[in-house]
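Chains as they are written, first to last, in this note's numbering: chain A, 1 to 232; chain B, 1 to 232.
By construction, these hints were calculated from the structure, which means they are not laboratory data.
Just so you know, not all the hints are guaranteed correct.
Given that identical chains are not distinguished, each listed pair holds provided it fits within a single copy or across any two copies.
[Said to hold, decoys possible] Simulated pairs of lysine-lysine, DSS-like, Cα-Cα distance not exceeding 30 Å:
no.	residue 1	residue 2
1	Lys26	Lys192
2	Lys102	Lys222
3	Lys146	Lys86
4	Lys26	Lys102
Quick caveat, the model's predicted, so the values are computed rather than measured.
Number of protein chains: 2
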Amino acid sequence: LNIGAVARAMSNFGFLELRLVQPYDKAWQEARSAVGAAKVLAATQVYDTVQEAVADCSLVVGTASLGHRDLRLTVRRLEYGGRILKRHLASESAALLFGSEKFGLSNDDLSLCHWLLRIPTREEHESMNLGQAVAVCLYELVRNPKAPHAEQKRGTGLATAGELEIMERLMDELLLVSEFTHERKATSSRLKLRRFLRRMALSGQDVHVWYGMLRQFLWKMKGPNSSGSGAE
Amino acid sequence: LNIGAVARAMSNFGFLELRLVQPYDKAWQEARSAVGAAKVLAATQVYDTVQEAVADCSLVVGTASLGHRDLRLTVRRLEYGGRILKRHLASESAALLFGSEKFGLSNDDLSLCHWLLRIPTREEHESMNLGQAVAVCLYELVRNPKAPHAEQKRGTGLATAGELEIMERLMDELLLVSEFTHERKATSSRLKLRRFLRRMALSGQDVHVWYGMLRQFLWKMKGPNSSGSGAE
Chain A
1 LNIGAVARAM SNFGFLELRL VQPYDKAWQE ARSAVGAAKV LAATQVYDTV
51 QEAVADCSLV VGTASLGHRD LRLTVRRLEY GGRILKRHLA SESAALLFGS
101 EKFGLSNDDL SLCHWLLRIP TREEHESMNL GQAVAVCLYE LVRNPKAPHA
151 EQKRGTGLAT AGELEIMERL MDELLLVSEF THERKATSSR LKLRRFLRRM
201 ALSGQDVHVW YGMLRQFLWK MKGPNSSGSG AE
Chain B
1 LNIGAVARAM SNFGFLELRL VQPYDKAWQE ARSAVGAAKV LAATQVYDTV
51 QEAVADCSLV VGTASLGHRD LRLTVRRLEY GGRILKRHLA SESAALLFGS
101 EKFGLSNDDL SLCHWLLRIP TREEHESMNL GQAVAVCLYE LVRNPKAPHA
151 EQKRGTGLAT AGELEIMERL MDELLLVSEF THERKATSSR LKLRRFLRRM
201 ALSGQDVHVW YGMLRQFLWK MKGPNSSGSG AE
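Build the full structure now, drawing on both the sequences and the hints.
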């Protein structure tokens with residue numbers, strides 16, 4: 001189950017080369033059916049030892065837990081270590097080494113690592129699910145703070161001043177007809193209304209929906225037989 | 001299974017308030033035994049509708065997939081949206097809303113959202129495992145680029161120049177005794193040796209391990225009966 005979850009996270013984030021060291025046969029057979037990770041799993045290589053699996057990598061980064069704190073290896077938080085790993089990956093190969101969920105990395109495995117990454121989990125509950133730990137590490141590697149902030153803006157952008165002006169006049173009339181106010185608004189009240197409408201940050205599309213509704217209210221208030229503008 | 005994985009990721013990153021809307025009874029019963037997430041699961045509230053679940057939240061952020069691109073909701077990449085959410089959470093409550101893994105959020109659910117977050121997965125394989133998606137989003141919320149870069153430096157720091165000088169003299173003697181060289185090193189060769197030793201970036205602890213080994217080599221080469229310094 002974990003192998004499938006790991007392969008899926010890799011596929012999600014575009015890391016397509018999974019290497020397994022002595023997987024349990026059963027887990028490995030079951031993983032091959034993991035949702036959406038077929039490409040990663042078809043290309044997965046199985047090795048007998050960690051040494052062989054990382055032989056062609058010029059950087060080997062292990063994953064740390066509290067238990068590793070007495071080791072003589074540098075432990076870097078993911079935020080920073082991820083940056084170093086990313087820079088290395090731009091021109092060279094690297095291995096990100098995870099142990100089994102139960103036992104983690106052995107001392108033998110750790111002796112092959114240049115340094116360790118630690119995901120900033122709470123000390124009270126540090127041990128992560130393997131598939132989730134892989135997903136978080138790979139996300140940090142694809143993370144791009146310079147990417148466009150919003151992928152899709154709401155609607156077609158904000159209403160123009162002209163569009164808001166029409167809405168303002170409709171509201172003004174409505175407030176009068178509904179007897180919410182009893183005379184045309186004084187300038188200060190007009191300003192209040194204007195600011196009120198701006199605070200809503202209406203889109204150009206939404207403001208037209210408002211026109212329809214407000215005109216309908218006006219028509220209803222003035223009575224069907226009046227000379228109002230009617231529903232549109 | 002997913003509920004347990006979600007609760008575990010929440011516990012890892014310190015988000016302790018899980019709210020479920022109409023969970024499958026069976027999944028919910030099984031989740032209660034999830035590894036290490038007992039505290040989160042014990043406090044989990046179950047609701048009939050999403051409306052009730054988010055009623056006290058002043059910001060509701062949904063999670064987006066490609067299928068949502070035609071909605072009139074702002075879709076923000078996690079790197080940026082996470083920052084907005086984090087800022088909001090500093091003083092107010094917010095809900096991060098996930099749909100079921102199979103169906104995602106319904107249009108009804110989405111109508112309750114202020115905007116949507118998208119995890120920057122590959123377009124070719126966008127759909128994430130639910131537990132992994134939650135882990136990645138929560139990691140972004142606890143992520144702290146200003147945290148100390150390395151939590152633990154290797155050993156006790158680099159060897160001092162004095163410590164390296166001792167190693168240099170030992171190496172020099174060894175190269176002579178082993179007949180690797182046949183006379184005391186000329187200055188340029190000493191410089192080469194010095195640079196060679198610096199490139200290894202030896203720690204203060206490791207350099208003492210080297211002393212022991214090098215002295216032992218010397219002792220062996222000079223013969224047990226010579227007047228060498230002997231093993232330490």
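Results of checking the hints against the structure:
| no. | hint | result |
| --- | --- | --- |
| 1 | Lys26 / Lys192 | neither (70 Å within a copy, 55 Å between copies) |
| 2 | Lys102 / Lys222 | neither (75 Å within a copy, 51 Å between copies) |
| 3 | Lys146 / Lys86 | both (15 Å within a copy, 18 Å between copies) |
| 4 | Lys26 / Lys102 | both (17 Å within a copy, 26 Å between copies) |
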